[in-house]
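Protein chains in written order, with our numbering: chain A, 1 to 286; chain B, 287 to 544; chain C, 545 to 893.
Check each hint, because a few of them may be wrong.
[Claimed, not checked] Some residues of chain A that are not near chain C, with every Cβ distance over 10 Å (derived):
#1 I70
#2 L88
#3 S134
#4 N181
#5 F270
#6 I271
#7 R284
[Stated by the list, open to error] A few chain C residues that face chain A, going by a derived Cβ cut-off under 10 Å, partial list only:
#8 R591
#9 S594
#10 L596
#11 L644
#12 K711
#13 R864
If you're looking for bench data, these hints aren't it; they were derived computationally from the structure.
All C-beta atoms, glycine included, are put in the ideal place defined by N, C-alpha and C.
Letter by letter, the chains look like this.
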Amino acid sequence: MKMSRKALALFLLPGGILFALFALYPLLGALKLAFFNYNVFSAPVFCGAGNFAEMAHNASFWNAARNSFIYLIVTPLLASTSLVVAVLVNRKMRGINFFRTAYFLPVVVPMVIAGITWKFVLDDGGVLNNLLMSMHVIKSPVFWLTGADFAIWSVMFVTFWKGIGYYMVMFLTGLQNIPSNLYEAAEVDGASEFYAFRRITLPLLKPYLLLVLILSSTAAIKVFDEVYVLTSGGPLRRSETLIFYMYANALNNFPPRIGFACAVGVVIFFIAAMIALLNKYVVRAQ
Amino acid sequence: MKKTIIFAALILLLLLSLGPLAWILYSSVTDFNGHLTIANYAGAWHDANISRYMLNSVIVTGMTVFLSLLFCALFAYPMAVLEFKGKKLLYFILLATFFVPWEMTFVPLFSVCVKLGLDNSLWGVILPSCVSAMGIVFLMDAYTSIPKSLFESARIDGLSEWGIWLKVALPLIRPSMAGLAIITFVTSWSLFMWPLIILRQSDSYTLTVGLSYLSGLFSANLKYLAAGSVIACLPSVALFLALQKHFISGLVKGAVKG
Amino acid sequence: MANIEFRDVFKSFGNVDVLKGISFSIKDGDFAVFLGPSGCGKSTALRLISGLETPEKGDIMIGGARVNETHPKDRDIAMVFQDYALYPHLSVAENIVFGLRARNAPQSEVEKMLAATARLAGITALLDRKPAQLSGGQRQRVALARAVARKPKAFLFDEPLSNLDAKLRMSMREELKRLHQQIKTTCVYVTHDQLEAMTLGTQIIIMNGGIIQQIGTPRDLYFRPANRFVAEFIGTVPMNFFPGKLDGEATFAAAGGGHIKLPEPARLDGAASLGVRPEHINLSSRPGYIDSGMKASVELSEFIGGSYIISARCGETLLRLVSEDDIPVGNEVPLHLHERWLYVFGENK
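Chain A extracted, bound-state conformation (with noise of 0.2 Å):
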C-alpha cells in the first residue's frame, strides 16, 4: 500500500515534529549533559565523569539512593496485599461490584489530591493522631510524618494506598481468565483450597504477578508527588528519594546543577532498568 509523499508527510508530521522537540531531542540531551557543567546562564563546560564522579562521594546522593531503596519495599507489598484483595472481591456476591470500584476510586484521584488527603490525615494535629489520643492508644501526637524514623514509611503508605486498586484489577483480570472447571477437577481430585491456590492459581498467574512487579517497582523510583506534598523529603532528608534529589539539584538550587542533574537522571534509569530485569528473574525462577 503505497502513499503519495505529501500524504504521509501531512500524517507523520505534527506528531513527529511533537515527538521530536519533547521527546528525543530532551532524551538526546540529558544523555549529553550528563557530562557536562551546565548552568543555563553560562555555555555547558564539558567535564566528562565528573558529575558521576562527585555523585559517588555524595552523601546526599547516598541518602537518597537508601531511600530509593527503602522505597522498594512498597512492591513487594504492593503486590502480595493487591493479590490478597483481588482473591477477595474474586468471589459471586451480591454488591461484590460496589466493593471492587470504591477499592479502585483512590486510582483515579490525582495523586497530589491523595498526598493532600493523607496529610490531613497523618499530620502532626491531624485526624489519626487525634483519634488515637482519645482512645488512649497514645499520650501525645506521633510525628508520622516529621518525625526521622517514621517519614518515609508514611509516604511509602500513601503510595500503596493509592495502588491497591490497580494492582488488584489487573490481578482479578488474570484470576478470572482461569477456567473454573479447573478449580472444579481439582476438588474433585482430593486437592485443598490452599493446595489448589499454590499450585494452579499462582503458577497462571505469573505473567500478572512479573506485570504488577515491574510497574510498582518502577513506580517507586519514580516517586515524587507524595514526597512532595507530605514531607518535601524531609525532615532532615530522611525522606528524599532519587528523583526528588535530582529535581532539588536541578531547579531548587541556585544556579541551578543542569548537568549534575542529568547525571542523576542516568543513574536513575540504569537502576530501574536493573530492577526490571531482576523482577524478570525472580518470576521465572519462581
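Since chain A is already given, all that's left is putting chains B and C on it; use the hints.
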C-alpha cells in the same frame, strides 16, 4: 465463620479506601464549628483562586486529550497500515523512548521549552504531553486489527488515503480511542511534577500545582483546601463512575501493552 | 463397595427446577448411563454425585452411606470433564499425579501409579508434553489417566466424547468399554447420544425435563419403552408413528386405513399412535410380519453403505424405512409390520 471473616475484611478495606476521601469530603462541607455549609466551596472558588486553577486544568487537559488523540491517530495510521522507507527505524526510536522515563529528561525538556517561549505558559504543559510512545503503539495495535479487506475495498471505491483514514479507519478504532482518551484524561488531570516545573506564576497554575501550593502555606484555610481538593477529584471520579468498565479495561490494557 | 443411590432428590437453580424428585440405584461395577436431551438434568445429576452441587431435598448414597454433606474430595470419586479440564501449565505426568500429590502420597507410589496408568491409557510417550501440545484424543486419554490414577470408588464421565470427531469417538467408546471390563469399577456416564448409551451402558437411566423416564438395560429400553418419549429417543433411525385409535382392546385402527392386530391388549381412550421401528417394517410379505393393509409412497432414498434409508409418505404420516435395495422415488410400497414389536401410545404420552 468464613463468611464473616470475608465480610469483615471487605468492610475494613472499604474503610481504608474511602475513609480519607470521606473525611476530606466531610471537612469541606462543614465549617469550623461542625455545621454543614457550602461556604467553603465559595471561599475556595473565589478567595483561594480555585476557579482560576480549575480553568487552567480544564484547558490543559481538554487540549491535551484532543491533540493527543489527533496526533497519535495520525501518526499511528501509516505506522500500522502502510509500508514506507524508514518505518522500522521510526518504530525502533519510538520503542527506545518508551523505556526511558520522562523524569530523566525533564531537565533538557525544560530548556527546550524555555527556548520556545513556552515557560510559564499552559502550552508548555500541553505540548510535551501530546505525543507519547504509548499512545502511538496503542493505536497502532487498534489499526492492525482492522481487516485489510476493508481498506482495499475502500481504495477500489475511489477514496483517497485521507478519505480512507477519516471514513474507514477512524470510526473503526473508536473504542481504542475512547480508552486512550480516558487514560490521557486521568494522566493529564493528575499531572504534577511537570506543571510544577514549567509554570512559574500562580495565575497559570493547574489544580494540582495550585493545591500543593496552598497546602504548603501556613496561612492556608484548611477548609478551602479541603473544598479545593474535592473539586479537583470530581472530574476523574465522575468519569470513572460513569464509565467504570471502559475505564478499568482502558487502564489495564494500557499497562499490559507497556 | 461402590453402589450409588439417589432417594427422591430435588435440585433447583434459582427459580428453575432442574431435578424433580429422582430416585435410582446403581450397583457396584455397573456402567450406568444418564441419557437425555440438553437440559434434562443429567449433568446436574452427575454433579450431585460428585459433590460439586448439593441437592435441595433427598438423599445421595455412595457405598451405603449418606454423602450429602461430604466434600467432593472425600467422596473418593474421579471425574472426566467434557473439556477435559487439564492443568495447562503442568506436564501430562504432573496432570496425572496431581490428585496423588495433593494427598501427599509417597514418591514411590506416585511413580508406580504414573507408569501403570500411562501404559493403560497408551500415553507413555507423551508424559513430558504440555496439554496445549496434544490433540483432542490425546487430551482425552490424559484426562482418563488422571481419573484412573486416583483408584476411585467410581468414575464419573460428563459427555467426554462430544468434542471428538466421529471416527475417534467410536474408537474411544470401545476403549472405554474395554477399560470398564478390565477395571470393573462403577462408571456413571452422561451423554445425549443414544448410540453411546446403548453401546456402553449396562444400565441406562433416560431422563427428560428433570424426571426419570425409564431405567433399564439397553434391550429393555429398545424393546420395551415405557412411554413415547423413550420410544422416540432410542433407536438410530427413529421410530415411526401411525395415528389412529383403538378398535376394541386388541386391534389398532390406523387412520391410513389398516387394521392391525396388537401383540398385547391395550386400554386407551381417544386418539392413539401405533409405534413401529423402521427395522421392523418389511416391504414385502415375510413370516412373522402382518400385512397392515397400508401403502406408502417413496419420497427420498439415502444410501448409507450397507442399506438404504427410505423416506416414504403414508397418508399424513412421514415414515422412515430401511431397505437393502434402492427403491425409485414415486413407487408405492406395501407395509408389513412385525407382529410382536408394535407399541401403542395414547395422546398425552
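Hint by hint, here is what the structure shows:
1. I70: holds (35 Å)
2. L88: Its Cβ never comes within 10 Å of chain C, the nearest being 22 Å, so this holds.
3. S134: Its Cβ never comes within 10 Å of chain C, the nearest being 48 Å, so this holds.
4. N181: violated (4 Å)
5. F270: holds (34 Å)
6. I271: Non-interface label on I271 (chain A) holds, nearest chain C Cβ at 32 Å vs cutoff 10 Å.
7. R284: holds (14 Å)
8. R591: Since the shortest Cβ distance to chain A is 9 Å, the answer is holds.
9. S594: holds (6 Å)
10. L596: Holds, about 6 Å.
11. L644: holds (9 Å)
12. K711: Because about 26 Å separates K711 (chain C) from the closest Cβ in chain A, which is outside the 10 Å limit, the hint is violated.
13. R864: violated (39 Å)
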